[in-house]
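A.B. asks: Based on these hints, arrange chains B, C and D on the given structure of chain A.
4 protein chains.
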Amino acid sequence: MAKTFRVGMIGYRFMGRAHSNAWRQAPKFFPLKANVELHTICGRNAANTQTARAQLGWQHATTDWREIVESPLIDIVDISVPPDLHAEIAIAAAKNGKHILCEKVFAVNVKQAEQMLAAATKAKVVHMVCHNYRRIPAIVLAKKIIAEGALGRIYHFRARYAQDRLADPEFPLDWRLQKDSSGGGVHYDINSHIIDLGRYLVGEFKQVLGLVNTFIPERPLAESLAKGQRKMGKVAVPDSAAFLGWMDNGVMANLEATRYALGRKNHIEIEINGSKGSIYFDFEDMNALKFYNGADPADRRGFREIQVTERDGIHPYVANWWPPGHGLGYEHTFVHTIADFVNACAEGKSVQPTFEDGLKNQQVLAAVEESSAKGKWAKV
Amino acid sequence: MAKTFRVGMIGYRFMGRAHSNAWRQAPKFFPLKANVELHTICGRNAANTQTARAQLGWQHATTDWREIVESPLIDIVDISVPPDLHAEIAIAAAKNGKHILCEKVFAVNVKQAEQMLAAATKAKVVHMVCHNYRRIPAIVLAKKIIAEGALGRIYHFRARYAQDRLADPEFPLDWRLQKDSSGGGVHYDINSHIIDLGRYLVGEFKQVLGLVNTFIPERPLAESLAKGQRKMGKVAVPDSAAFLGWMDNGVMANLEATRYALGRKNHIEIEINGSKGSIYFDFEDMNALKFYNGADPADRRGFREIQVTERDGIHPYVANWWPPGHGLGYEHTFVHTIADFVNACAEGKSVQPTFEDGLKNQQVLAAVEESSAKGKWAKV
Amino acid sequence: MAKTFRVGMIGYRFMGRAHSNAWRQAPKFFPLKANVELHTICGRNAANTQTARAQLGWQHATTDWREIVESPLIDIVDISVPPDLHAEIAIAAAKNGKHILCEKVFAVNVKQAEQMLAAATKAKVVHMVCHNYRRIPAIVLAKKIIAEGALGRIYHFRARYAQDRLADPEFPLDWRLQKDSSGGGVHYDINSHIIDLGRYLVGEFKQVLGLVNTFIPERPLAESLAKGQRKMGKVAVPDSAAFLGWMDNGVMANLEATRYALGRKNHIEIEINGSKGSIYFDFEDMNALKFYNGADPADRRGFREIQVTERDGIHPYVANWWPPGHGLGYEHTFVHTIADFVNACAEGKSVQPTFEDGLKNQQVLAAVEESSAKGKWAKV
Amino acid sequence: MAKTFRVGMIGYRFMGRAHSNAWRQAPKFFPLKANVELHTICGRNAANTQTARAQLGWQHATTDWREIVESPLIDIVDISVPPDLHAEIAIAAAKNGKHILCEKVFAVNVKQAEQMLAAATKAKVVHMVCHNYRRIPAIVLAKKIIAEGALGRIYHFRARYAQDRLADPEFPLDWRLQKDSSGGGVHYDINSHIIDLGRYLVGEFKQVLGLVNTFIPERPLAESLAKGQRKMGKVAVPDSAAFLGWMDNGVMANLEATRYALGRKNHIEIEINGSKGSIYFDFEDMNALKFYNGADPADRRGFREIQVTERDGIHPYVANWWPPGHGLGYEHTFVHTIADFVNACAEGKSVQPTFEDGLKNQQVLAAVEESSAKGKWAKV
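The listed protein sequences derive, respectively, from chains A, B, C and D. Per numbering that gives the first Met the number 0, residue 0 is the first one in the first sequence, and the count goes up by one each step. Per numbering that gives the first Met the number 0, residue 0 is the first one in the second sequence, and the count goes up by one each step. Per numbering that gives the first Met the number 0, residue 0 is the first one in the third sequence, and the count goes up by one each step. Per numbering that gives the first Met the number 0, residue 0 is the first one in the fourth sequence, and the count goes up by one each step.
Pulled out of the complex, with its shape left as it was, chain A reads as follows (with noise of 0.2 Å):
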């Protein structure tokens, strides 16, 4: 008989419904190797918390997080509240021997990283990072095209993650943009999603040459707006990013995050150009990914816009789905992400990205604020 987990998922808003999609999700359309149980789910204010129980399909509902990483009934942890709760979380859980999923970013600094990782690790317990990302399946058949030499030498990795909803100035002050919550705010949130990316990809950052910067220095604050009134507060966090940098093997690399490009809604926009090949990802069309041969006949090379959608093994995830060209969501980035999760607990293997590679993610957020501040190229 399969083993069964019994699941604690602590938030239950943005990624609280996307994490409890996934759960559901997972078990119907992937063969996990465990059964999982969607068992208690954790919020602050009680009357909240209940009604997500109810309606993200939970068994039980808390507001005390200790219940659920102390709960021997209890075998996954799932941390889907702000960074600045993930450090207290995830080492009580690690103590506790529960397996870990943790949302990104990862900590609001290196340090509670290395201490996440510490614990993670000493528990020995499986331990992930939800960079969803990682697991649509064009990033997939890009990890197999690069894998296989057929970008030859690489020469540039280029990113942007590029939104809008900021570009209003009237967009409030929440907990996106508050220092203690976010640790870097958009810098932390999005540019946290491509520097996964190039490092799953391409290889690590090395060195980085960085400009954090806000460009509105204050904003109506959530919680005034939420009481009818309009008190400003200090957007203390970068609303804006970009760096250049060096990564293994000699690649050029160019990052950008930002909220203020008007009519780009979640363009998350890969380039990655070899000696023999390229490759183009965006995500607003995520099941597509485009691929220039350099080995195709000379008059006939071209970017291929390859519909990921293929079953019979052709191409990763699909095949549990739909036909080809009936394309999948944002939401499945997260189904895929669980099963592998739940696949990997279940045999005790690690999981990537684990927490080693969050806090390598964390210690190049971190390189990119050092060298905004210095004026000068800042070491990873």
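It should be emphasised that the hints constitute simulated quantities derived from the structure, not laboratory data. The model shown is predicted, which means the values in this text are computed figures rather than measured ones.
Same chains, same names: a pair is fine if it fits in one copy or spans any two.
In silico lysine-lysine, BS3-like type, Cα no more than 27 Å apart, as pairs:
1. Lys378 x Lys205
2. Lys230 x Lys275
3. Lys275 x Lys233
4. Lys143 x Lys32
5. Lys143 x Lys205
6. Lys375 x Lys205
7. Lys275 x Lys143
8. Lys373 x Lys205
9. Lys110 x Lys205
10. Lys32 x Lys2
11. Lys348 x Lys2
12. Lys348 x Lys27
13. Lys121 x Lys32
14. Lys94 x Lys123
15. Lys348 x Lys142
C.D. replies: Using the frame of chain A, we list chains B, C and D on its own:
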């Protein structure tokens, strides 16, 4: 207290999986006006049906569809089997007072379609055909733009449903290519979808000039291949079809359905041109709608690529899912369909597309066949 | 010493300007096998013709086309006037032993086309119809790919020529919408182009099922508007046309021509699907060809966007222009056409598309009209 | 009577061909305020220069550029040689009172640029740098949209100039990769273009954080290959470069130039994001401009793909060419440049981009080099 509808679903393959997912997901993402219970699933093979029951989340399983349509426990019958079985099941379900959701193509001929509509009308049940593509957010937005008159007088309705799986002569002769089970092959299977979109967005077809065709007249029988043999069978239905025609208000129509378009995976392409604007849609980029507004300033007119993912009531359905740019996939169209169907059942209201739409669609399909057979115009 | 051809061109409007440019540019960019002299230009209005002569770079001007076709000084006659004048001029030119480049649509009926071909054949002159789109580098590459068999058995030829200028009911009734001068309105004017591309790339049309149409039956007369009046005239020719059909080797065809597609400016869209590959082209992105190669590895198939701008003989014509990615425009198609025509004249060889192509095109146009009139299939 | 300018052009390779074409074509397509005569062409090799003279349409040839700048017959000097020769020629031309059109990159260092500007200013001649991409109709439209304030406060200017020819290590070390002749390799050659577009569209660069790089430090010498040998030479200039920076009014800049992006042929990609709208342009689709208008109704916002080919004064320059949708190519940018230059000369007016623009561009290039060398911010 909200009412609870117990659902019985017949069929567990491609459509059964898509519908089951939608029955599970609709209450999680939409505030339905009734609860739903995935009560009983039905299939011909007992063992497979049990497996499907467990996998797809149903409480009970049966191999006799009559148990479902006659059970006093069941409120809603979901017909997800091949089209030759629709009429008998739907008529029996109607007689037993069940609300009915019926997969497309609605029936295998016009007469059946008439009988199905008559039975459902007489029984005063809620009846709906599962033309799921009507509830792509981009298509609903197109409908709104047209309804506002923003296209002006419509000149052209142009649609193509193109896939590529039959380009391989070894692709087997399955039920979709058999006369008995499919009614009309590719013509019925996928032309019915774009006919439906034309009727939804533009108006009724008046007369048609059709060409139905079979490129490859013999294929290995699916059953034979399953036994490791390669017995050939005759393809007695169209595997491709095109037609020109006139719609309401003098709109010129050009529709084509094929599974011989290599590289086109689920390419449902629609273009509508009017005196004030144009619309373009391609399912392979399903989260976008292209709109050309002739009222824009002369120097900045162009097809806008609208990402139909805005919340706050701006775009339909998407507020219940994820933030802007975090796109939906194929399966969401079924969730929207079933959410609307459940609400209609709860309120005892009609919900489009009804069995009358199913009948009218069937009449267009038949007129195209008639025109093709006679080599001249046929009235719908 | 290379021979010098003296050219006489009849017409100075849109086509006259495009041809004059090509006559001037061809020797500058291509190593022609003969010199050319822009000798005499002819138009009906003496003053306008003089202005055109100076502006377009011709040595002499005349208002009598017979002077050109009968002059012993002239070697080549370029017919760039409306189609009703083609036959008389072309036949006279042939009788006088001139090589002939004739604008499309070739003639205003099949009989004229037959006479033109007969005259040119009898006179043993070089004769060419100016279907300039054949010499878009991307189209020549498509031809090469098809000729190599890289598409396998061809199933579908699909083309649309869409513009939008007639969507405005106030667009005047000019010669292109008059029966006498145009022969067949939009059907002749632009359907002839995509028929030609179908014949060039795929094969002959065998039978057709056509629908020619006039959306707006009355328009202000161009002459009347020029006088500040607004006298209406009847549109006695098609302003839109579509047809289905069969080509050689069982290729299913679907062609449509319209000037009612708002937002489509010069949208010549072609798709060809075969058992091994597909091709897509859109003139509005004329430097690119999209090619889907079914022989690519299964996980990386997709439409390649080939920039058809490579030098060193990789792509046709472009080596004579600019480096890769430095695209060509509309007018270059005429330069290529005239370069090839001059070389053919110098060598006394035939050059496609000949007057025989003109005749066959006319036969397809007529068959579509016949089919539309009778409401049933017509043989070509 | 209109004045006639006699032009002397120095250089006959790539730029010489492009300029010659523009000198020939400008009077044919634009109503210039003066006549032009292609008087004398100059090159180092007498035989080649004679061939070029004949092929490119010039009356006279010389091997001594001083003959041109000193000749009383010459009114305009067109400098189309490598950048190390610009200063001496331009200064001499200015001293002789010639109007000057100078290719980019303007000079090989800032000092030269200053001297060139000083000489031209003192001589009161018309002086222009040939940044031809400013006169792509789509770019002029972008300028207009920005000037109207339709983008609001600008946050981001982002540009990449990507080609792929150096991805092959065997591509030879030609003058563009030599320090003496090029000044600064790929950085000067193509970063100068996107710096110019940034200055034209958005504003001045204030400070930069740069990274200039040489991926492949040795290449076969072009001269050696020409002799059938393969002698290697050191690449002493950047073959790729990126920089971040601040522009006027707090605009964040990110520019990158490379010839290592396989599949990118002449990919000049620009994105500008403001508080009210965004603009995107890619030269490989040069007839289109993408514009996102934040003022559009909330449910129908999206990047519009504007075909910048409308006549009647709607779009710049195109009225003089062809109808809508009949796109232009690379060479037309030179025709527009020269048409405007001639008109400015005729009226004795300044025409952008002037030598002052050349100087400012050079200052940005130098600041990027300085920043890269020191590893910290540099002021422009």
